[in-house]
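Asker: Full structure from sequences and hints, please.
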Amino acid sequence: MTEVKVIIADDHPVVRQGLRQMLAVEQDLTVVGEARNGQEVVELSRRVPWEVAVLDYNMPGKNGLELIKELRQRYPGRAVLILSMYPEDRYAVRALKAGAAGYLTKESAPEELVSAIRKVAGGGRYVTPTLGEKLALELEDNRGKPLHETLSDREYQVMWMIASGKTVRQIADELFLSPNTVSTHRTRILRKMNMKSNAELMHYAIAHHLVD
Amino acid sequence: MSEVATATRSAVVPEGLAPETATETAPQAKILLVDDEPKSLFALQELLSTLGQNLMIAQSGEEALRLALKNDFAVMLLDVRMPGIDGFETARLIRSRERSRLTPIIFLTAAADEMSSMFRGYEVGAVDYLQKPVVPEILKSKVAVFVELHRKSERLKESEDKLRRLAAHLISVREEERAHIAREIHDELGQVLTGLKMEVTWLAKRLREKPLIEKTDSMCKLIDTTVQTVRKIATGLRPEMLDDMGVIAAVGWQAKEFQKRTGIRCRAKLPPEVKLDMDVSTTMFRIFQEILTNVARHSRATRVDIELIVNEERVGLEVTDNGVGIADSDLNGKKSLGLLGMHERALLFGGEVRITGTPGHGTRVSVSIPVQPKA
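Chains A and B supply the protein sequences, listed in that same order. Here the first sequence is numbered in our numbering, starting from 1 and rising by one per residue. Here the second sequence is numbered in our numbering, starting from 1 and rising by one per residue.
Hints are computed from structural coordinates only; laboratory data are not their basis. Among the hints, erroneous ones may be present.
So these bits of chain A aren't anywhere near chain B, every CB distance computed over 10 Å [said to hold, decoys possible]:
1) Q27
2) G33
3) R46
4) R47
5) G64
6) Y75
7) P87
8) S115
9) K145
10) Q170
11) S183
12) T184
13) M193
14) K196
15) H203
The calculated lysine-lysine pairs, modelled on DSSO-like cross-linking and capped at a C-alpha distance of 30 Å, are [said to hold, decoys possible]:
16) K132(B) / K157(B)
17) K275(B) / K69(A)
18) K166(A) / K232(B)
19) K269(B) / K134(A)
20) K260(B) / K97(A)
21) K196(A) / K256(B)
22) K221(B) / K256(B)
Predicted model only: the values in this text are computed from it and were never measured. Positions of the beta carbon are idealized from the N, C-alpha and C atoms, including for glycine.
Answerer: Written out as structure tokens, the structure is:
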């Protein structure tokens with residue numbers, strides 16, 4: 001097994017220590033250096049040989065995107081993996097566009113990080129299953145109108161309320177409508193979305209991130 | 001009297017105070033006396049000197065106009081009959097200027113003029129009309145009333161100004177504090193939790209007994225939930241996106257969150273991302289949040305259309321909903337402190353907020369702020 005040389009960078013000692021411990025048990029991964037901020041990363045990357053840089057997105061000094069771009073420019077063949085506190089739905093795509101080989105949140109399981117490092121070291125890209133699914137959904141959405149877009153504004157609101165677990169009665173009260181009207185909306189929503197039950201609706205809404 | 005008549009500065013101060021420069025900063029109210037007759041001017045000065053105010057004189061309409069350009073008068077005494085521009089015309093011109101739009105004018109006339117000229121006087125903005133010879137006590141007490149009124153409105157202006165500055169200060173202090181707390185919570189607490197999780201994982205790897213592994217598993221889950229809570233609190237205080245990606249991305253994100261939270265459909269039209277001044281961005285973002293809060297609370301809308309426009313001079317935001325429409329009475333009502341807050345925030349950076357509502361046809365809020373913050 002070839003050895004993968006890894007740089008780790010995070011401004012927090014606890015995180016660096018955790019990372020080091022985590023990688024120490026992996027035979028094929030060696031931490032060759034640590035940095036506390038963007039500047040140190042740049043210096044370190046010149047001084048030691050490395051294959052993968054595991055970086056915190058938000059360190060003092062340079063911002064994450066700038067750092068990714070800079071490393072990519074200087075070392076086009078090597079991989080930058082972002083390990084961030086920030087939720088992936090808002091940041092991952094940007095990081096990947098800037099040239100990162102992968103994006104993980106710090107909640108990720110350690111095994112995930114280890115396998116991500118191995119994957120990007122081999123020149124691959126690493127995307128979490130959640131992000132992969134989201135990207136796939138977006139592709140699908142771009143091809144045709146997603147089902148919920150066929151609803152009128154009012155229907156969309158009623159659909160959202162049903163998916164949030166509200167009863168017809170509650171919806172009627174909140175929207176100042178009669179329960180009958182709400183029921184009519186519901187029937188039309190189910191028909192338009194080609195569904196049979198509220199449960200199906202809920203499932204759809206969660207899968208498409210329409211509700212929390 | 002001749003030196004008064006020829007003095008171009010036309011400032012005569014009773015009790016030997018230095019004219020002009022000293023009077024500019026004096027706390028006295030300024031009173032303008034306009035008459036082409038030096039004798040009448042002298043008489044008026046004598047009469048009003050006991051009020052202890054700053055009396056300024058002009059011998060023609062033109063001179064009065066010049067003085068009114070540079071001074072705020074508590075009241076003007078204006079002779080009707082003068083060569084050149086007469087009293088009425090002088091009054092009309094003075095009142096047509098923004099600065100002296102509301103200056104009280106008392107007309108004086110020697111002749112027992114007929115009613116019609118009196119009406120003309122009121123038409124051009126006279127607050128009173130006195131015939132010469134004036135009764136000293138009446139004139140004095142009338143002028144004194146206006147001096148008092150002027151003082152009060154000056155004080156009101158001052159305190160308004162102070163309140164505005166205080167509000168501005170509070171807004172910026174609160175914003176700084178929020179940003180600071182958000183950063184502390186997110187970075188410090190969040191990172192410590194991350195470290196903790198790594199430690200627990202390390203421990204878990206070395207455990208062989210199932211109940212112990214189950215314990216570390218549940219510890220990890222607990223830590224994850226806590227991290228999410230920390231993130232939610234920090235983002236609620238100040239979205240990190242605002243600092244990392246700018247206001248355009250932050251508005252887009254907030255719109256999505258709003259739709260997710262309320263079920264009210266949001267359509268956002270956003271320009272390509274550009275870097276804007278941080279204070280302007282924060283102001284725009286906070287106003288946007290306030291608009292959305294109002295939509296959720298009062299509008300009963302099912303749809304919100306958002307458009308953000310950035311050009312070289314201004315950043316503009318248009319938010320239109322299809323709800324019940326804000327009523328005029330709500331725009332100025334006691335409960336509209338949130339709206340007032342929006343106006344004040346925009347004003348701080350030289351911007352403005354316009355709200356229009358048609359009952360039954362939704363509300364439209366337009367915000368416009370200069371891209372370059374005022375120095």
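Asker: Is it correct that the beta-carbon of G64(A) has no partner in chain B closer than or equal to 10 Å?
Answerer: 8 Å, violated
Asker: Check the non-interface label on R47(A): least C-beta distance to chain B beyond 10 Å or not.
Answerer: Consistent with the label, R47(A) stays out of reach of chain B, its closest Cβ about 25 Å off (over 10 Å).
Asker: Once the closest CB in chain B is found, is it more than 10 Å from P87(A)?
Answerer: Nearest chain B Cβ is 7 Å from P87(A), so the label is violated.
Asker: Are K196(A) and K256(B) close enough, with their CA atoms no more than 30 Å apart?
Answerer: 27 Å, holds
Asker: At 10 Å, judged by beta carbons, does G33(A) keep clear of chain B as stated?
Answerer: 19 Å, holds
Asker: Beyond 10 Å from every Cβ of chain B: is that where the Cβ of Q170(A) lies?
Answerer: 13 Å, holds
Asker: Examine each Cβ of chain B, and state whether all of them lie more than 10 Å from the Cβ of K196(A).
Answerer: Nearest chain B Cβ is 21 Å from K196(A), so the label holds.
Asker: Check the hint pairing K269(B) with K134(A) against an upper bound of 30 Å on the C-alpha distance.
Answerer: 22 Å, holds
Asker: At 10 Å, judged by beta carbons, does S183(A) keep clear of chain B as stated?
Answerer: Answer for S183(A): holds, closest chain B Cβ roughly 17 Å.
Asker: When you look at the beta carbon of S115(A), is every beta carbon of chain B farther off than 10 Å?
Answerer: 14 Å, holds
Asker: Between K166(A) and K232(B), is the straight-line Cα distance small enough, at 30 Å or below?
Answerer: Roughly 24 Å separates the two Cα atoms, so the pair holds.
Asker: With 10 Å as the threshold, tell me whether R46(A) passes as away from chain B on beta-carbon distances.
Answerer: 26 Å, holds
Consistency with the previously given hints fails for numbers 5, 7, 16, ordered from lowest to highest.
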